[in-house]
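Trainee: Let the hints inform the model, and build the full structure from the sequences given.
For the sequence shown, position 55 matches number 55 in our numbering, and the numbering has no gaps at all.
Hints were generated in silico from the structure; no laboratory data involved. Where hints are given, some of them may not hold.
Unchecked claim - Beta-carbon label-pair distances, calculated as ranges:
| no. | residue 1 | residue 2 | range |
| --- | --- | --- | --- |
| 1 | Leu41 | Val4 | 41 to 47 Å |
| 2 | Met191 | Ala38 | 37 to 43 Å |
| 3 | Cys144 | Met191 | 26 to 32 Å |
| 4 | Pro106 | Leu33 | 17 to 23 Å |
| 5 | Val4 | Gln267 | 22 to 28 Å |
| 6 | Trp40 | Ala209 | 27 to 33 Å |
| 7 | Asp48 | Leu13 | 44 to 50 Å |
Even for Gly, the Cβ is constructed at its ideal location relative to N, Cα and C.
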Amino acid sequence: MHLVVKTFGRAVLSQLHLRMLLLTVLPFVLSLLLWGLALWLGLQPMMDWLGAYFADSSWYQAIRSALDWMGLSSLRSFLVPLIAMWLLLPLMILTALLFVGGVAMPAIATHVSTRWYPGLERRHGGSVVGSLAVSLGSFVVFACLWLLTLPLNAVPPLALLVQPLLWGWLTYRVMAYDALADHASREERRMLMRQHRWPLLAIGVAVGAMGAAPTMLWLGGALFLVLLPLMAGVAIWVYVLVFVFSGLWFQHYLLAALEEMRRDSMQPDRTLPAAT
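Mentor: As structure tokens, then:
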């Protein structure tokens, strides 16, 4: 875990670099334009459809009755917007992830390798197609688990556990591939992913805890509809910032691990007898 802590410090220093701060702008603007247009054109029709769909649902009526029993009948009007927000959230995460992966990760790899690992050979074991396939495949699994665990968000302790784990797994899968795409060969990438599975997952979970913040903002946007555009914009920016930082952390960790693995492979096997 020493390498995890050391590379966290390096990632913080890199994140504070002006170039890395500016790197969040383009993915944020692209995501904001996409979701601003999508919410403007499709949010109300989506809520109308959900309202009609759930009108005769027994569990939906049970929730409304429970709110009435608790004296919270004023919250009944927020149920459909809340459901709509939680259904849209995985798609927001996907767009932020794709924009960061496509726009930011190449610049992150160049920035980190040039400043910290200038002598590390590039063996180009990854590709844009491979990165896209890993991102989309991981997101499909993430989205399914997200929807299956939505009811757990009603129990705060479980929500605080499930959200970081899901985020951790997603960032671990996607960012690790992109971090090694240029420098590691395919065999080196597989070996590093296998040898450093648990530290990488730990980094992902730590970043996942940060990723829970925009989830709470998105929840607030559903409860305060008048602030929905502001909440959505802030949530998108936090997603982008978290993904850029996670990219820096994974990049630092994996390049350091790759450098160490290559250095160890160059060392002679001291268990063998010396030649005479």
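Trainee: Flag every earlier hint the structure violates by its number, smallest first.
Mentor: No hint contradicted; all consistent.
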